[in-house]
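Undergrad: Residue numbers for the sequence shown follow numbering that gives the first Met the number 0, so the first one is 0 and each next one is one higher.
A hint or two may mislead.
Here are the simulated distance ranges between beta carbons [said to hold, decoys possible]:
no.	residue 1	residue 2	range
1	T4	R114	18 to 26 Å
2	E26	R114	24 to 32 Å
3	D267	S237	14 to 22 Å
4	R300	E47	50 to 58 Å
5	L2	E310	34 to 42 Å
6	E181	D296	40 to 48 Å
7	R297	V27	44 to 52 Å
8	Y328	P11	45 to 53 Å
9	A3	T117	25 to 33 Å
10	G197	A69	17 to 25 Å
If you are wondering where the hints come from, they were derived from the structure by calculation, not from laboratory data. For each residue, glycine too, the CB sits at the ideal point set by N, CA and C.
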Amino acid sequence: MGLATLLDWAGPDSRAELERVALNYPEVNGMRRLRELIAARYPGAGPENVLVTVGAAEANYILAQTLIGAGDVIASVRPTYLQIWGLALNNGAEVRAIDLDEARGWAVDRDSLARAVTAPVKMVAVVNPNNPTGAILSDDDRAALVAVAESAGAWLLADEVYAGAERADGAAETPTFWGSTEKVIAVGSLSKAYGLPGLRTGWVVGPVALIDELWRRHEYVAVSGTMLGQRLAEWALSPEVRPKIIARTRGLIRDGFAVVADFVARHDNHLSVVPPAASAMCFIRTRGALSSADLSDRLRREQSVLIPPGEVFASPGHLRFSSALPPDYLKAGLDRFGEVLDGLGD
0 MGLATLLDWA GPDSRAELER VALNYPEVNG MRRLRELIAA RYPGAGPENV LVTVGAAEAN
60 YILAQTLIGA GDVIASVRPT YLQIWGLALN NGAEVRAIDL DEARGWAVDR DSLARAVTAP
120 VKMVAVVNPN NPTGAILSDD DRAALVAVAE SAGAWLLADE VYAGAERADG AAETPTFWGS
180 TEKVIAVGSL SKAYGLPGLR TGWVVGPVAL IDELWRRHEY VAVSGTMLGQ RLAEWALSPE
240 VRPKIIARTR GLIRDGFAVV ADFVARHDNH LSVVPPAASA MCFIRTRGAL SSADLSDRLR
300 REQSVLIPPG EVFASPGHLR FSSALPPDYL KAGLDRFGEV LDGLGD
């Protein structure tokens with residue numbers, strides 16, 4: 000989404016107001032108005048529960064540096080965006096997988112959950128809606144994750160950057176894990192559901208004592224976000240603008256996945272997919288002798304098409320595909336993808 004569109008939606012005075020913004024440091028923990036707007040998305044939270052970060056990436060980084068150390072054990076859903084997983088390994092921790100069952104629409108495998116989350120697990124990490132699958136956890140799965148985290152005395156870390164990017168027309172927004180248990184942390188961002196990654200604005204919502212501890216690391220790592228980014232973020236999260244952004248995102252997701260679903264159906268000898276409930280991502284299963292990593296590499300070398308393989312998400316045999324792209328660009332990429340698949344034969 001472009002700056003002009005955001006300013007148009009923000010109102011006729013927005014451009015003049017932006018010109019008056021002083022290019023100083025904002026409040027280190029985030030401008031108060033922005034923290035109030037973020038807190039309003041999380042029932043029972045106040046601005047004191049919010050730390051504004053340089054994207055969700057910084058949020059996850061300082062969380063890992065604060066809560067995960069050598070010898071600790073964390074449990075993470077799989078497949079998943081591997082940032083927390085990788086940070087935990089880098090810090091000398093053990094990572095146990097909570098598998099999501101593709102045959103049941105990427106539902107939590109309860110046997111895997113029971114094996115993974117036992118004392119002394121320090122953290123249970125989820126991405127909901129999920130990246131790379133686009134699946135949304137059911138109420139039962141959410142309750143099961145909360146229950147095992149409480150039983151183990153673990154932190155429950157929920158990366159919720161795709162909340163708001165639900166695909167179904169009129170779908171309710173994915174509920175936050177915030178408030179579901181005492182030791183819960185929610186991470187959000189303007190990069191995904193809002194389509195504003197250039198603002199580099201994310202956040203952590205957590206207990207006040209944890210936010211204070213994270214604040215110290217945030218100041219050491221980044222000092223603060225940007226004044227302009229946070230002012231624009233305030234407009235993006237305002238009651239007047241946010242619904243327009245979410246509607247735009249959902250339209251792109253619906254239109255794009257319809258094209259991808261048709262492509263997969265025409266190549267069902269090689270591909271299948273569980274339709275995503277949210278996000279621009281879908282996790283396409285590959286069939287045949289060629290590994291997903293090798294197929295991804297061929298697409299890159301032969302067609303200059305970049306599709307991350309499932310190996311990047313600890314789930315080989317898949318490709319993560321993003322469909323929220325301009326129609327002509329999406330079609331051109333799929334045409335090139337099809338050429339490689341046709342060359343594989345049956």
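Undergrad: Work down the list of hints and note, for each, if the structure agrees.
TA: Do the hints match the structure? See the list:
In this structure the hint that T4 and R114 lie 18 to 26 Å apart at CB is violated, the actual value being about 48 Å. At about 44 Å, the beta-carbon gap between E26 and R114 misses the expected band of 24 to 32 Å. Between D267 and S237 the C-beta distance comes to about 44 Å, which lies outside the given range of 14 to 22 Å. Between R300 and E47 the CB atoms are about 52 Å apart, so this pair conforms to the stated range of 50 to 58 Å.
Between L2 and E310 the Cβ separation comes to about 36 Å, which falls inside the hinted range of 34 to 42 Å. Evaluation of the 40 to 48 Å hint for E181 and D296 yields a pass: the beta carbon distance comes to about 46 Å. Between R297 and V27, the C-beta spacing of about 47 Å keeps the proposed range 44 to 52 Å intact. A hinted range of 45 to 53 Å is violated for the C-beta pair Y328 and P11, which are about 33 Å apart.
A C-beta distance of roughly 53 Å is found between A3 and T117, which places it outside the suggested range of 25 to 33 Å. One distance hint, 17 to 25 Å for the beta-carbon pair G197 and A69, is violated here, with the actual separation near 36 Å.
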